[in-house]
Structure formats: structure tokens, C-alpha cells
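S.K.: Given the sequences, and given the hints that come with them, work out the whole structure.
Protein chains in written order, with this note's numbering: chain A, 1 to 131; chain B, 1001 to 1541.
Where hints are given, some of them may not hold.
Chain A is faced by these chain B residues, among others (derived, beta-carbon under 10 Å) [stated by the list, open to error]:
| id | residue |
| --- | --- |
| 1 | 1026 |
| 2 | 1349 |
| 3 | 1427 |
| 4 | 1488 |
| 5 | 1492 |
| 6 | 1496 |
Note that these hints are calculated values from the structure, not bench results. Every residue, glycine too, gets a C-beta built ideally from N, C-alpha and C.
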Amino acid sequence: MACFSIEQVDPLRGLRLLLVEDDFLIAQAIKRMLERFGCEVIGPVPTLDDAKRAAEDEDIHAGLLDINIRGGTTSEVARLFERRGTPYLFITGYTSPPLDEADLLARRRLLKPINENSLRAAMLEAFFDPD
Amino acid sequence: MPATVRSRSVVKMSPLRVGVIYIALAAAWILLSDRALGTLGLSADRMARLQTLKGLTFISASGLVIYLLTRAAVRQSNASATALLESEQRFRRMAANIPGAIFRYILHPDGTDRVVYMSPGCRGVWEIGEDEILRNVRVLWEMIAPEDIDAVRASVEDSARALRPWSHEYRIVTPSGVRKWIQGYGQPTRGPDGETIWDSAIFDITERKCAEEAARAAERRLSHILERTSEGFLLLDDQLRFLAANQSALDMVGRSRDDLVGRPAFEAFPFLKHSAWHDAFTGAIRGDAARTAEGRFEPLDKWFEAKIERSGEGIAVFFRDVTERRRAEQRQQFMMRELDHRVKNNLAAVLAIAESSLREADSLPEFEESFIGRIRAMASMHSLLAARRWEGVSLVGMIQAILAPYAESGNHNAVAIEGEDITLPSNSAPAICMTVHELATNAAKHGALSSPSGRVRITWTIDPVTEDLRLVWAERGGPPVAATIEPGFGLDLLQGVIPYELNGDIRLQFTPDGLQASIFVPGEAIRPPTRAERAVREEVS
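M.R.: In C-alpha cells:
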């Protein structure tokens, strides 16, 4: 046990996070996990229009994006985050990525179904690991 | 040989010159010899004897000269006669050996005709001897096949009129009944009395004609097969111009024969230049091994599988339409990816249901009931979806399947379903399925389905214009209900899933009769996806 432990500060705590997921059950489950991590969840939002509108909020620290949602794919949101330097993580059921998202997907992606441990590990890596 | 050379040189002088020289020499001899004798002053008697001797000598010399000249002339005449004979014999041998007949044919201005020379080869062509033909040329005319006679006559007349070389192919029937193809050539000249004289040759070309005919027949058979085959066939030259195309090929590329043949491939189909076909064609021209290529034919949005090989200077292309197979492959790929996606999403949903059910259940049996009930409802919906190849599910069928466990429990009249059946798209079905299931479990636990006298009536309407779905779940006859459903996962799901997933709305009212749920689903979530939307979906997934 370290004497001067400062790692008790959970980096996920207080994170403002946009959650885009069009399946109600999955969205609720992930939302509950995120709340247990101490994150502030924006959303969840089920459609592309809602996602784009919510992503305009500049105070968002990070994003969790389902790829294929009602109204299209979230690649547009991902590119916006990319431009702004906002980290994000794709959560998807697709093992092989859809066509034009391939380059974005190559970066960060978490395969469904997800559990609390895998989500936490993926978020730490995607949001706090510079590479 | 020197003798011959001298005799020739003598004869080459003209007889007149020989005569003049002879007379001059003889006169000089007489005059000079007489004068010389006069100077000798001999006696008359001796003189007379000398004169006689001189005369005899002169006669002898003259005789010798005449003998030599005559002999040379006779020799030369013999030599030329021999040469002529040899030449004649050579000609006859040649004429006899030529594979055909050579002859001289004369057509008089009055229309009569005859043959003045015929080589023995005539027997091989017409099966009759020279004499018979020389006697009367009609035998040759009579052998000409009836269908060709007019053309032969016209060709001869034309050659005579214009003094054009005669060349004609025609058929004859020989005395033994053999049909032959023969070919004649002749060089015409005009005779002094206006007659036309041909030095001609005739050859039997039956074998060549038969071979040609056989080749043509083989070609006809081949092209017939090519026309009949369902495979497309194209022949292109070394500049990749179309030389030939069969009907299947024309049908497949949607062009007419006139539109293609003679045109460069990259001009007739500009897109080819920038397609994989370009490399396949030019590769085949370069002589690469025959290759099989598969590619899109852009103008008609088809896929062709082609075998391309070098043929002569150009290339031959055999191809068939594999569009259906390609589409099936694409569909299958799409389905597999979609299945992968759905399975993972469903597992995620099952996990979420399990976790929520677990969180709320006070006991294991309670968990089992709520969890398995929800999973079973989802499973029955998936069975119905799968039965329709994931293209949608019947609303009536789905509600019946969800409520089946409650109807089975004995109360057959407990549930009434009234509404025009519609097909729910596969992505809208789960929300409605879960909602109806939550209503049913709630009714079974606390509402109309918990007592034998309870009834549930499910009715709906479809807006004829917007296609909005309005569904009402109405309970009555159950135990007196509380004014609310206990909060928790079930209620969250009931109130949340339709607004969240379908952009719809649900209202729960507690009337004295029982619970009434009014569900609104906008038409856009009910309408089957249009072709364009489906295409976009396939594109992105």
C-alpha cells in the first residue's frame, strides 16, 4: 500500500460523456454503468439528428458512439469530435466494419456485448492514453 | 562443232552475195588466167591443152564450192526441222502433262464456234477425246450444268466483246454422270475476219470446291451453334474492334449487331477503358494465357464472367451473365453481417434485461419469471421475423404469440385482438413486442389477466394518410387496480422504449375498469423501408 496514494482519483469521475445508442435496453444498461463510474451522461440519444445536436455542446469531454443508428451512421459525429480533439469510442455489434467508417473504426472500437469491466478498460485507454 | 559453226557462217550470207562473189571471182580467173597464158608465148597446141586443163580445174572448183554450199544448206535445213519437231514434241508433252486441258477456241461473228486445238488432257476433264471435240464443240456446251449455262455464255460473250481475259468457274456433268466444278481461263485475240480466238486452259477444281463447301458448311454449323448457345461470344481484332458477336452477346450487352461490328470496343463502350476489362483484353492481345475475369458491365449494371483468349491476331471472349449469383453473394454477405450484428445486439439486450431483472427481483423465482418471460417474448418475435426472412413481422401474429402463454392458461376468451393486420419492419418490431409483453405481464400479475373474469381488448387503427399506428390496450373485469404501476425496470421499459426507439408515445391511464394504454407509433416507423432506404442501409452496413 503506497503511502502517498493519489491514484484514488478516478479519471472517469465527473466526465461529461455523450452516449449515442438507439437500442433502449442497451442504452439504459450502458447509462447505468457510466453512472456507476461517476460520469455525467448526456443522452442517451437514439437518432443521428439528436446526436449531432447534442454533440454541438462544447463541454462534452468524450463520446460513446453506436455506429449504425436511426437516420444514418455516427461517422459524422466522430469526425466532428476528431476536429475538436474530443476523444470517443465506437461501440458496435459489427465485427467487420461498414465501408466508409473503416478508417475511423480502426482507431477505437468496443465490440458488443459489453460489460462494466471491458467498458471501463476501453474508456480509460481511449480517453486517457495519448496513442 | 567447228564445222557447224563454219557452215552456219556461210549460209548466213545471202544467196545473191554468194552469186555475185562467185561470178566476180570466175570472171577475174578467166581474164587473168587468159592474159597470163598469152604472155607465155606457148604453141597453139600446148595452149589448147592448157586451156582445157584450166576449164576442167574451174569446173572442179566450182563443183566443190556448190557441193559445200549445198551440203551446208541441207544440214541447216535438217537442223531446223529437228528443232521444230523437238519443240512440237515438247509442247505436246507439256500439254498432255498439264493437269487440265489447253485448247484454242474460235467464235465467229455469225455465232458458230469450233475448237482448233485440244490437248489430250481433255479426257481427264470431259471424259472424251480430242477428235470428238475438234469435230464438234457442242459436246462441251452440252455438258455444262443447266443452272450455269447462261452465266458461261454471258462470260464468253463479254470476253469476246471487250477482248477481256476470260475467267469463269462453272459446273459440268460428264458423260459418266459425274458432276464437276471446272475453272476456265482464256486470252482472247481478234482474227482477220472478226472472229475471236482464245488460247485457253480448263482445270478441274472439284476437290477445291468440295473442300471450300465443306469448310463453309462447318462454319455454318459452328456459327449456328454459336448463335444457339446461351453464352455470349465476341470476336475482336488486334485493334480491339468487334469482328463478330452472337445473339446472346448482343442481348446481354443490349446492342444490335450493326451497332457493334466494326467499332472499337472502347468506343462502343467507353467505360471499358477505365475498367478491369481493359487489362484483361489488352493482356489477351499480348498473348497472355487464357484468363477468366469477372467484372461489372456498368451500362446495364450487370456482372459478367468472361473467358478471354487469344484468337488469331485478336481475341475471343466467351461470357455469361452472373448478376444473379453476384447479387445472391452480396445478399448473403449482407445477411451474415446483419446476423452477426443482430446476435451481438440481442446478446447485449439479453444482458441488459438480465441485469435489470436481477436488480429488481426479490427472489430467484421472481427473477426467473420476469427474465424468462421477457426473453421468451423476444424469442417468439425473432422466430416470426426469421420466418419472414427478417423482412418484417405480422402485428397480429406477434401479439398472439406474446399473449399465447396467458391464453393457454385456460381463459380462451380473455384476449380479443381487433385490427387490420400490418407488417412491422424488423427494426420497429422489438419495441412494440417488449411493450405488449410488459403490459401482458403486468396484467397477469396485477390486472385483468390475473382473474378469470378479466378481459383484455387490443384494438388499433392505421391512419390512411400518415400510416400512423394508434393501438389501445384496454383491460376490464379485473381486480380493482392501484392507480399506478409500481416503479421499476418494467415501468421504465413500458414508458421508455416506444418513445426512444420509434419516436412514438405511450399514455397509461387507470380507469375504474382497469388499465388502459394508448400507444402512438408514427407512420415512418411502420412503413416498410423504401428501396432507396434499403439500399442506403445495405451500403452502410
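S.K.: It remains to establish, for every hint, whether it holds in the given structure.
M.R.: Here is what the structure says about each hint:
no.: 1; hint: 1026; in the structure: violated, 128 Å
no.: 2; hint: 1349; in the structure: holds, 5 Å
no.: 3; hint: 1427; in the structure: holds, 8 Å
no.: 4; hint: 1488; in the structure: violated, 12 Å
no.: 5; hint: 1492; in the structure: holds, 7 Å
no.: 6; hint: 1496; in the structure: holds, 6 Å
Going down the numbered hints, you'll see the structure goes against 1 and 4, while the others check out.
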